[in-house]
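J.: Sequence:
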Amino acid sequence: MVGLDVQSSGSTEKPDKTLVVQTGNGRGRYIWCRALRGMAASGGQDEAYEQRQGDAGGGDLEDNPSNSHLQELTETMAHQKQHIEELEAQLQTTASDRERWRAKAEASTSGRTNSDAAKQNARSGRSNEQRLQTELAAARQKEANLQAQVAEGVLEAVELRRQLHAARAAADPNIIQVRQLLLDPAVHREFQRLHHDAESKAQEIKQLKDELKAVSFSQESKAGRLLMAKCRALQDENEEMGRELSEGKVHALERQVALAKGYVDDMRKGYNELEDHCAALDEEAEDLQRQVFNLKREVKEMESRDAGWSRDKGGYMGNKPGGGPKYAGYNKRSLNHVESGPGSADRYNRKRPR
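Numbering (the numbering used here), first residue to last: 210 to 563.
No wet-lab data here; the hints were simulated from the structure.
Here are the simulated DSS-like pairs of lysine-lysine, each with C-alpha atoms no more than 30 Å apart in a straight line:
1) 415 with 431
2) 509 with 522
3) 290 with 351
4) 522 with 328
5) 410 with 422
6) 522 with 505
7) 415 with 439
8) 418 with 431
9) 439 with 418
10) 422 with 439
11) 431 with 410
Make a model of the complete structure from these sequences and hints.
T.: Laid out in structure tokens, this is it:
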């Protein structure tokens, strides 16, 4: 479990940021150590930048997306802590009810009926206690995950600060002077002249190499033999193409084209039939969705009636000794199940596009 506490002093010279870290795993400790090192390294540069930007209305830290994300995570953690406190209170109440019913069961001598009712109430209290313990463990796990996200957000903010410092270093006057020198028109013209000379020399070298190859060419050389073999292959290919054209290859290709057109027509007809079938399936799907929506609405109405009956039963049982908290919680859970159950009209009223 990870804990975070960020404090700032009221001094106007330099903000004193203190991070109090409570971690139960190595990962959170590693992340927070990296965050602390990054914040310590970037503290002096932040102060210098704030002094330079103070008169010009420097940027507000609250506008930073990382800070807003951290604030949202902190608020979520606060809600989770409040939820955990509520679960612990319910757990204590359930434990006290269980102990009370156990004491009554042990001290009861009025008959078997009262003893069985007390045992049943004790078992229900024990099940409620186990359920609350499960919810409490899940809430604590969620809180630990949120605090790990907060740690990662702080680390991301440190990385953004480091990038900001790199950008400020790039805006240093010496670097700007070097850039202006590189953008000088005279320097640019000199670079252009050198580039043009290099290209012209490369073209001259290529031309001289081609002339050298042409002068040294002969049928006995390796390049000459390869060239003559390629010429003979091209001549044979031309003769083969002439024979194929003379034998009527064009007519064979025309027949193949006619067969392909017939095949395309058959495919087009099949596609049209398939499209009509898909349209019929879409209409059938819309009818089924409408039926599903009506059935969901009927189920919701039946659940609401069942919830009303359970509420009346809970009010009746609440008047009995020891029946108030249990049945009140049962009615509340039933209402929550009805309100958050499936059957949304927006989900089942959608139509599929054709």
